[in-house]
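If you read the protein sequences in the order shown, they are chains L and Z. With the first letter of the first sequence counted as 1, position 648 gets the number 648 in the working numbering; the numbers rise by one all the way through. With the first letter of the second sequence counted as 1, position 51 gets the number 713 in the working numbering; the numbers rise by one all the way through.
Careful: at least some of the hints might be erroneous.
[Stated by the list, open to error] According to the in silico footprint, chain L covers these stretches of chain Z (three or more CB under 8 Å from chain L): (1) 670 to 680; (2) 769 to 781; (3) 844 to 851.
Rather than coming from a laboratory, the hints here were simulated on the basis of the structure. Treat the numbers as computed from the prediction; the structure is a model and nothing was measured. C-beta atoms are modelled at their ideal positions from N, C-alpha and C, and glycine is treated no differently.
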Amino acid sequence: MESTREIYWNVGREGLVDMYLLALATAGFIFLGMYRFWSRLAGNGKPVVRTDHIRARLAFMARNVLFQGKTIKTGGVGGLAHAFLFWGFCILTIGTTLVFIQDDFTDRLFGFKFLTGGFYLLFSLALDLGGLFAMLALIFLSIRRFIGLPEGYDTGFGDMLIHILLFLALFTGFMVEGARIAFTEYRSNMELAYWSPVGLFFAGMFDATWFHGILPSELPAIHKALWWIHLYICMAFLGVIGWTRLRHVIMIPANFIYADMEQNGKLVTLDLEDENAQQFGAAKVGDLLWKDLFDSGACVTCLRCQDHCPAHFTHKPLDPMQMVKDIGGSLSNGADTPLTELMSEDAVWSCLTCRLCQQVCPAQVEHVPKIIDIRRNLVLMEGKFPGDEVVRAMESIEISGNPLGYAPSLRGDWAEKLELSTENMDVLYFTGCYASYDRRNMKVARSFVSVLQKLGVKVGIMGKKEKCCGEPARKIGNEYLYQNMAKENIEAIHATGAKKILTTCPHCYFTLDKEYRDLGLDPAVEVEHHTTFLAALSDKFNSGNDPINVTYHDSCYMGRYSGVFDQPRALLASLGARVLEMEKNRELSFCCGGGGGRILAEEKLGIRVNNTRGLMALETEAEVLVSNCPFCMAMLEDGVATPKPVKKIRCVDLAEFLDERI
Amino acid sequence: MKILVCIKQVPDLETRFKLNAAGDWFEEADVAFRMNEYDEFAVEEAVALKGKLGAETDVTILSIGPDRVKETIKKALAMGADRGAHIQDDEPHRKDPAQVAAMIAAYAKEKEFDLVFMGLQSQDRGSAQVGPLVALNLGFNLVTTVVGFEYDSGQVTARRELEGGLKAVVKTRAPAVITCQLGLNKPRYPTLPNIMKAKKKELLTIPAADLAPGDALNIVERAAPPERKGAGVVLEGDAAEVADKLIGMIREKTGLI
């Protein structure tokens with residue numbers, strides 16, 4: 001006999017009309033809840049197109065939702081449990097859909113049944129295991145949320161309801177299956193029943209109760225009652241999707257579809273010449289992008305962004321999750337709430353734009369652009385800055401072309417004794433302010449030139465014609481100053497005729513390569529950071545060096561922003577270095593404290609970010625701390641020097657390390 | 663109510679100055695210029711007063727110099743002043759304080775300004791004479807070195823800085839010249855809409871000769887940078903290395919050890 005079962009056994013098709021009416025009502029109820037929720041989000045916020053390249057968007061969504069990558073990556077056991085719950089329910093949904101397809105289409109219309117034979121066996125087993133995984137995951141998650149009570153979780157009545165309904169849906173599902181198997185397969189067709197192991201277990205329990213008064217003849221009635229109870233519970237849990245945290249099953253996939261598909265972290269270039277613009281940046285909630293408001297509906301308050309944020313971690317007043325939550329909360333009063341009523345100016349200024357919040361967010365919320373937009377309002381509309389020192393830095397950039405206030409004519413002096421090419425150069429080295437003026441970082445510049453010259457690369461610089469790339473100004477919110485700097489640099493770069501630019505600063509690199517294009521930097525001009533440039537040449541370096549223990553600090557802008565993690569490690573390894581990883585590394589690397597324009601600002605609140613990171617470096621007990629960013633160098637050299645346990649670690653740039661060892 | 667603010671564009675003091683060919687001033691190529699810091703206080707005070715008194719208050723910015731000073735005037739306009747007067751003078755460093763004051767007074771005469779704000783002194787020349795001489799030429803009252811300022815229908819109440827940390831409160835009546843000192847206020851950073859508006863504000867250029875500066879009483883014949891008397895040495899390395907180097911130097915130069 002072929003393996004299969006009668007679909008709707010014992011229930012009969014006469015109940016199906018009721019079932020579909022119920023399903024329709026449930027769908028309506030979901031829709032009503034989602035409509036109420038969605039309409040509060042939609043209709044406000046500035047326009048931005050997030051529906052282009054729809055195939056790429058759908059693929060991005062499918063990849064992220066189906067694999068649960070971001071949920072698992074930083075979610076610990078809870079994240080893994082969520083993934084199993086999700087996958088379990090996926091299997092159950094697929095199974096239910098197959099039943100629906102066979103019974104209502106292929107069988108009804110063509111008399112074709114596919115839930116038979118080997119496929120049926122696999123179907124039975126998969127559904128049983130899916131349900132089992134979902135149930136185990138749910139039990140774990142319930143204990144965690146309601147008994148383990150992780151700190152800071154925002155748990156309400158709705159969450160209790162979700163957990164109970166999901167559990168009952170799974171449990172009654174197995175009871176229905178058990179009752180059916182007990183009547184149709186148990187003892188009589190065990191070969192088939194083994195393919196439904198969990199159902200078999202429940203069937204065994206029914207079987208056992210026969211000795212306690214339940215007659216096998218009563219079983220069909222019990223089964224039928226259970227089937228309907230199961231159906232009602234399933235409809236209830238589906239129904240609450242629109243009204244509880246469960247709405248994330250719609251909102252998060254939608255948020256992935258609406259993701260920013262531009263280069264990671266590239267900011268929107270404002271049109272400052274727009275004569276009709278009354279407002280630059282975001283003063284009120286409604287000044288943000290609609291997607292920023294939509295984000296608040298996708299956030300499941302999982303705490304990941306808050307737990308990872310280096311500003312929050314070092315006791316600054318910034319809490320990225322609270323910001324997203326409060327933006328959502330304010331929408332019930334329309335979109336006119338001033339953003340600085342939702343978060344303090346100190347919180348706004350605390351952001352390092354390190355993008356770790358976005359890296360760990362399983363809901364694809366975009367935190368950093370919101371903060372930049374709020375900063376833009378403070379700077380461009382109100383002339384406010386985190387401190388007087390930042391105002392001075394802005395004026396220095398404006399007048400002298402660098403935030404440190406040094407004379408523009410001295411910009412190229414670091415290279416005075418080097419023989420740099422002025423003509424026929426292979427590469428233009430965009431030195432950046434710190435390598436041009438800061439004593440420590442000048443050494444990095446000289447080492448880099450030395451490496452290039454050893455490699456026979458003809459390198460030139462722009463000297464006093466080069467200006468600050470504008471990155472710190474832009475990240476602080478000063479879009480006007482940034483664009484002025486960018487335009488002058490672009491003109492100067494084009495005048496050199498260079499086709500390839502190298503930088504030793506990830507901030508310069510990202511700004512030139514990604515953001516200057518919006519303002520007209522010739523797409524034919526290639527921009528590369530020295531990390532990837534040197535890593536690509538690693539086979540040219542002699543690797544017969546003494547082994548040495550180093551640790552590598554992933555700068556935010558080479559790491560998360562540019563996705564460069566492996567190349568520097570490979571280069572270090574090829575130079576005989578053993579890389580000891582810090583507590584937070586690669587995608588989860590911890591900012592040095594100098595990002596987001598904070599390099600220009602004094603750190604007056606909380607504990608120091610650079611010391612916090614410095615301690616992580618010291619704990620590796622490596623001899624050398626290798627970084628590839630002048631801001632990181634400035635922050636970390638100080639950061640490893642001041643913590644109490646006086647261990648020693650030498651801070652060097654990748655270029656210096658290379659120069660020393662070849 | 664009409665306010666005049668006199669500002670000067672000065673070289674950034676981080677510049678490594680070189681003597682010019684004539685030997686009487688510094689070489690201006692590659693030098694970054696900015697608004698004299700004390701004049702920023704003057705602009706801020708005028709603009710803040712306008713904010714208090716309302717839109718009928720009109721603030722004029724005056725600056726003497728070559729074309730490049732227009733940038734600095736625009737900055738003051740972006741801070742909130744209403745109009746600019748650029749007194750075109752390609753060699754302002756050849757004018758002495760009396761000539762500068764004479765030109766300002768010639769411009770201001772018959773324009774019925776109630777208040778004239780300017781910096782206590784310039785960061786490049788630092789004569790601190792222009793304010794008092796303008797007051798003298800116009801017959802205005804004068805309060806110098808002001809660190810606190812209040813104005814109420816013609817009545818000026820100013821706090822001035824005296825020697826030794828003492829302060830004096832001075833009352834006088836408009837019209838008056840006020841010279842501003844560090845501590846008076848915190849100059850604002852221009853907002854973007856104001857920067858855009860400033861581009862469209864009136865900015866008249868008047869040739870210096872039209873304002874009859876007269877002859878200089880004080881002429882710079884030759885300027886000379888101070889002679890270099892040995893340079894400081896920065897010792898680098900960790901504490902032990904630095905100590906060794908220091909001991910070596912003491913031993914070598916003094917023979918004490």
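Structure-based check of all given hints:
For a cut-off of 8 Å, the count of residues in the segment 670 to 680 of chain Z with a CB near a CB of chain L stands at 4, and the three-residue condition holds. A stretch counts as covered by a chain when three or more of its residues have a beta carbon under 8 Å from one of that chain; for the segment 769 to 781 of chain Z and chain L the count is 0, and the coverage is violated. Counting residues of the segment 844 to 851 of chain Z whose C-beta lies closer than 8 Å to any C-beta of chain L gives 3; at least three are required, and the coverage claim holds.
In the structure shown, a violation is registered for the earlier hint numbered 2 alone.
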